[in-house]
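Trainee: Those sequence lines, one after another, are chains A and B.
Quick note: the first sequence uses the numbering used here, first residue 1, plus one each step.
Quick note: the second sequence uses the numbering used here, first residue 1, plus one each step.
Because the hints were derived from the structure by calculation, they are not lab data.
Just so it is clear, the structure is predicted and the values come from calculations on it, not from any experiment.
Treat the hints with care, since some could be wrong.
[Claimed, not checked] Computed cross-link-like contacts, BS3-like style, restricted to lysine-lysine with a CA-CA straight-line distance of at most 30 Å:
| hint | chain 1 | residue 1 | chain 2 | residue 2 |
| --- | --- | --- | --- | --- |
| 1 | A | 180 | A | 227 |
| 2 | B | 13 | B | 37 |
| 3 | A | 227 | B | 46 |
| 4 | B | 91 | B | 107 |
| 5 | A | 222 | B | 27 |
| 6 | B | 37 | B | 107 |
| 7 | B | 46 | A | 263 |
| 8 | B | 27 | A | 63 |
| 9 | B | 37 | B | 27 |
| 10 | B | 46 | B | 22 |
| 11 | B | 13 | A | 263 |
| 12 | A | 74 | A | 63 |
| 13 | A | 117 | A | 2 |
| 14 | A | 87 | A | 74 |
| 15 | A | 74 | A | 33 |
| 16 | B | 44 | A | 227 |
| 17 | A | 317 | A | 119 |
| 18 | A | 33 | B | 13 |
| 19 | A | 33 | B | 91 |
| 20 | A | 36 | B | 27 |
| 21 | A | 138 | A | 227 |
| 22 | A | 63 | A | 227 |
| 23 | A | 317 | A | 138 |
| 24 | B | 13 | B | 27 |
| 25 | A | 227 | A | 74 |
| 26 | A | 263 | B | 22 |
| 27 | A | 263 | B | 44 |
| 28 | A | 138 | A | 222 |
| 29 | A | 36 | B | 22 |
| 30 | B | 37 | A | 227 |
| 31 | A | 263 | B | 37 |
| 32 | A | 87 | A | 63 |
| 33 | A | 36 | B | 46 |
| 34 | A | 263 | B | 91 |
| 35 | A | 222 | B | 44 |
| 36 | A | 222 | B | 13 |
| 37 | A | 263 | A | 36 |
| 38 | A | 119 | A | 138 |
| 39 | A | 33 | B | 22 |
| 40 | A | 180 | B | 13 |
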Amino acid sequence: MKSLQALQHALADAGHQVDILEHQHAFPQFSEKLEKIGLFPLQPRAAEILQVNLGKMCNQVCKHCHVDAGPDRKEIMTRDTMELCLKVLAENPTFVTVDLTGGAPELNPDFRWFVEKIKELDRHIIVRCNLTILLANKRFNDLPVFYKMHGVEVVSSLPFYTQDRTDRQRGDGVFADSIKALQMLNAVGYGLPDTGLQLNLVYNPAGAFLPPSQATLEQEYKTALAKEYGIRFNALYAITNMPISRYLDYLLVSGNYERYMEKLIQAFNPAAARMVMCRNTVSVSWDGYLYDCDFNQMLDLRVSCTDAQHISGFDAKAMAERSIVINQHCYGCTAGAGSSCGGTVAE
Amino acid sequence: MSNHYYNAEDLGKFGSIGAYQKELADKFFSWYGEVFKDSALSAKEKSLIALAVAHAVQCPYCIDAYSSDAFEKGWSEAQMMEAVHVAASIKGGAALVHGVQMMNKVKEISM
Numbered sequence: 001m002k003s004l005q006a007l008q009h010a011l012a013d014a015g016h017q018v019d020i021l022e023h024q025h026a027f028p029q030f031s032e033k034l035e036k037i038g039l040f041p042l043q044p045r046a047a048e049i050l051q052v053n054l055g056k057m058c059n060q061v062c063k064h065c066h067v068d069a070g071p072d073r074k075e076i077m078t079r080d081t082m083e084l085c086l087k088v089l090a091e092n093p094t095f096v097t098v099d100l101t102g103g104a105p106e107l108n109p110d111f112r113w114f115v116e117k118i119k120e121l122d123r124h125i126i127v128r129c130n131l132t133i134l135l136a137n138k139r140f141n142d143l144p145v146f147y148k149m150h151g152v153e154v155v156s157s158l159p160f161y162t163q164d165r166t167d168r169q170r171g172d173g174v175f176a177d178s179i180k181a182l183q184m185l186n187a188v189g190y191g192l193p194d195t196g197l198q199l200n201l202v203y204n205p206a207g208a209f210l211p212p213s214q215a216t217l218e219q220e221y222k223t224a225l226a227k228e229y230g231i232r233f234n235a236l237y238a239i240t241n242m243p244i245s246r247y248l249d250y251l252l253v254s255g256n257y258e259r260y261m262e263k264l265i266q267a268f269n270p271a272a273a274r275m276v277m278c279r280n281t282v283s284v285s286w287d288g289y290l291y292d293c294d295f296n297q298m299l300d301l302r303v304s305c306t307d308a309q310h311i312s313g314f315d316a317k318a319m320a321e322r323s324i325v326i327n328q329h330c331y332g333c334t335a336g337a338g339s340s341c342g343g344t345v346a347e
Numbered sequence: 001m002s003n004h005y006y007n008a009e010d011l012g013k014f015g016s017i018g019a020y021q022k023e024l025a026d027k028f029f030s031w032y033g034e035v036f037k038d039s040a041l042s043a044k045e046k047s048l049i050a051l052a053v054a055h056a057v058q059c060p061y062c063i064d065a066y067s068s069d070a071f072e073k074g075w076s077e078a079q080m081m082e083a084v085h086v087a088a089s090i091k092g093g094a095a096l097v098h099g100v101q102m103m104n105k106v107k108e109i110s111m
């Protein structure tokens, strides 16, 4: 399977995606929903998480990927841009967490250097590890030990606790490799009580539907993974699929787009809207541009402070006073119990 | 008059039955919501039971609703189909067990 970009697919163009979201069907405007509950324009809170996309290259090609990542993507963050991120971190102590994502962030040749430098700044680090990267090449086999050395929190996608649903979404063989990778992480102490080494899993629906109860699902995952494979982990994050990129392609091709959007809109939850992750997160793209979230990044909807849209010109005051850029895809973060990179946000 | 007895869109209008009798509709939807909550049985188990019953009563709205709900709650296709077989076998058995009644009657009237 190739990326939409490699296929020269129309949806590889972010502008085309935005056009579909805005014009394909006359859904109620997300901005109007926010206005009704007094949240428009949406304002940020203190910026606590700097989410850095280290590149779009990935060893997997998942059907739902909002990044359109894959082995054929060559966009990768340079060390120069990483140094700009480190400068912003050093100058802005409100950023207590750095969330490293991709693609597979570990495929960036400067990944380990960057982790070490962030740790020198004494920040909490999250790595969004796709698990199979640990087995993709011998040079990645020691990553669990590297993560442990630097107290990195590992957050990993495992769409389901059965092989069938996982492989359907992430590709043949992914479940088996993910199980091996989880066992490697457990072997160095990740996910085990009293080690302090956090291993959190991510569920996202393998189809055109919303996640079920996160708490219930976490118990099912824990029971099934422990019984079948002896695997332990800390928490499960249930994440809603955003109607963008490859998942948008799936929705359109399968005829589920309108129904899915209606589902998201019907499930609009004001409590979730108040807690959306873009209010305390700043997202940086592989080439250093600033976004309100990783989804806006993939739609190329940059932050609204037009004079400071690049990490090289990071302006904390302008960022604090900006309005968050929203569009119809934002319904994905406000449906039901809400959705963020840390799972649900509302009861 | 509509050309169809069943329209998929009507499922989404279920709540509108309150327009003609609000008090009873409110009571029904409140009770319905309580029934499907996690309790002695989990909401996930109840969803699979509902799927089976939906087939037994052959309600297209319920089949749509609980096929989605059961799959979303994590039941596999095989588990869902087995639930349908349970419903079908109870329906089949319910018909067949009346064969005994038929036999009784035949025995009663025959020499």
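Trainee: Hint by hint, which ones does the structure fall short of?
Mentor: Structure breaks hints 5, 6, 8, 13, 15, 19, 23, 25, 32, 33, 34, 36 and 40.
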